[in-house]
Amino acid sequence: MVKWIGYLLILAACFGISEQAVKRLKDRRETLKKLKVWLSHFRGKVLYENATLEEALRESAAKAGAECAPFFLAVAEALEERSGMRLSEIWEKKSEYLRKSTALSGEELGEINRFGAGLGELDVKVQERAILRYDDELTVALNGVTGELEKKERLYRSLGVLAGCFIIIVLW
Amino acid sequence: MRQDILTLFCGEIRSILEKAEIDDKQLQEIRLRASRPLILKVANEEWFLKSDGSLSSEEREGVCVTAGQIRDSFAVISRHSYYAFADEISRGYLTVPGGHRVGICGKAIREDEECRGMRYVSFLNVRVAHEVRGCGERVVGNLYENRRVLSTLIISPPGGGKTTLMRDLIRLLSDGNSYREGVNVSVVDERSELAACYHGIPQHDLGCRSDVLDGCGKSEGIRMMIRSMGPQVIAVDEIGGVDDVQAVEDAACCGCAVLATAHGESIDEIRRKSGLGKLVREGLFDRYLILSGTKHPGERIRCLDREGRELCRW
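Note that the protein sequences, when read in sequence, are chains P and E.
With our numbering, the residue at position 98 of the first sequence is 98, and numbering never jumps.
With our numbering, the residue at position 293 of the second sequence is 293, and numbering never jumps.
Read the hints as simulated data drawn from the structure, not as lab findings.
Since this is a predicted model, take the numbers as computed values, not measurements.
One should not assume that every hint holds.
[Unchecked claim] From the structure, some residues in chain E lie toward chain P, with a derived Cβ separation under 10 Å:
no.: 1; residue: Val76
no.: 2; residue: Arg79
no.: 3; residue: His199
The beta-carbon is built from N, C-alpha and C at its ideal position, and this holds for glycine as well.
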């Protein structure tokens with residue numbers, strides 16, 4: 001009886017691991033979607049309200065979802081403190097929030113850092129171009145994750161179950 | 001040094017300024033020039049700041065500022081949002097919280113014969129705002145005649161204290177004083193020097209009956225205020241252009257008293273100016289306050305009547 005319970009637990013654990021991998025992909029997709037929504041609000045604040053970066057980041061942060069909002073709020077707070085640091089330094093330092101709390105890939109985190117480092121300089125046209133470019137990059141990343149999810153969702157689940165079965169057979 | 005001034009600079013400059021022992025009330029300017037020593041203007045005297053925070057009259061002892069430090073400071077001053085202040089930057093200055101004004105110089109970006117912005121910012125001049133409450137009290141009594149507020153022109157050379165005096169006079173006229181109750185004052189603050197509005201809220205006390213139109217051109221602003229706010233007094237800083245003069249004339253015709261400032265040393269100098277001179281010759285102003293004083297701005301004030309006769313001096 002105990003042996004069978006053990007087998008069931010192995011199967012459940014393997015399935016859980018595969019579900020975790022699927023969830024990470026889904027979370028990544030959701031984060032990218034929310035970042036796109038945030039970017040659209042941020043764009044409005046910068047281009048149409050002519051808000052400063054700290055105002056635009058603070059006021060649009062809520063649109064970025066619970067995972068990313070603390071990052072934008074932390075950057076806005078650091079800017080308000082007027083510590084004398086460069087924006088790129090502040091942005092990179094605070095991006096630790098994203099690294100810890102989101103499922104974004106290293107490449108996606110690099111993109112958001114590059115986007116932040118170039119913000120604020122020169123005129124509003126340059127801001128618009130930077131925002132549009134980042135929006136394009138988010139779209140590409142989002143399409144990539146959606147495609148990956150379609151392909152890998154079933155694969156991860158099957159692999160989880162099969163791996164569980166394999167371990168059970170080995171232990172039999 | 002005051003925190004609101006220190007936070008205008010990048011970390012390296014800030015750490016040196018933090019060591020400087022200067023009376024904030026005496027500090028007038030902080031000048032940063034690329035590859036040149038940092039200069040402080042304290043009580044109308046220029047000093048070079050040494051790396052240990054002490055002041056020196058020797059140029060070679062002053063700490064040199066790099067172009068990078070100026071650009072980093074400019075990023076801090078513009079709150080890392082150059083685009084949001086592009087209009088002000090194209091005019092060569094920025095007003096920052098606390099009412100201080102930062103002059104900006106570098107390579108001008110020109111478009112259609114107009115300056116559209118600034119690149120390679122390599123020169124900064126932080127002019128420290130001083131609100132001297134009460135400095136207008138000795139003068140304000142001369143601005144009335146039979147309880148009517150008289151149109152007044154304040155004249156002084158740059159840095160002579162005319163904006164500081166005007167600010168306090170606005171407050172006294174607006175709040176009321178021992179000579180009469182307060183009146184509605186409309187302030188057209190094109191360069192954000194009088195009220196130093198930050199997010200639309202005046203940083204300086206201009207009294208409870210003052211309305212401020214911030215960042216709008218003087219001639220357009222005067223007309224807007226007359227139409228919309230029903231002022232008894234229109235206050236405007238540094239008039240001079242033909243359009244400004246026409247708008248001031250219009251305001252006077254509408255029954256508003258005009259409180260204005262102009263650069264100059266004397267009433268004769270103003271009389272010779274092409275635009276403003278016409279107003280003086282026509283007798284639009286009932287009073288002239290002429291400021292002088294080499295050590296302390298506004299140290300000596302002369303009050304003249306419409307004909308240029310001296311009424312009193314302090």
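Here is how each hint holds up against the structure:
| no. | hint | result |
| --- | --- | --- |
| 1 | Val76 | holds (6 Å) |
| 2 | Arg79 | holds (5 Å) |
| 3 | His199 | holds (9 Å) |
Taken one by one, the earlier hints all hold for this structure without exception.
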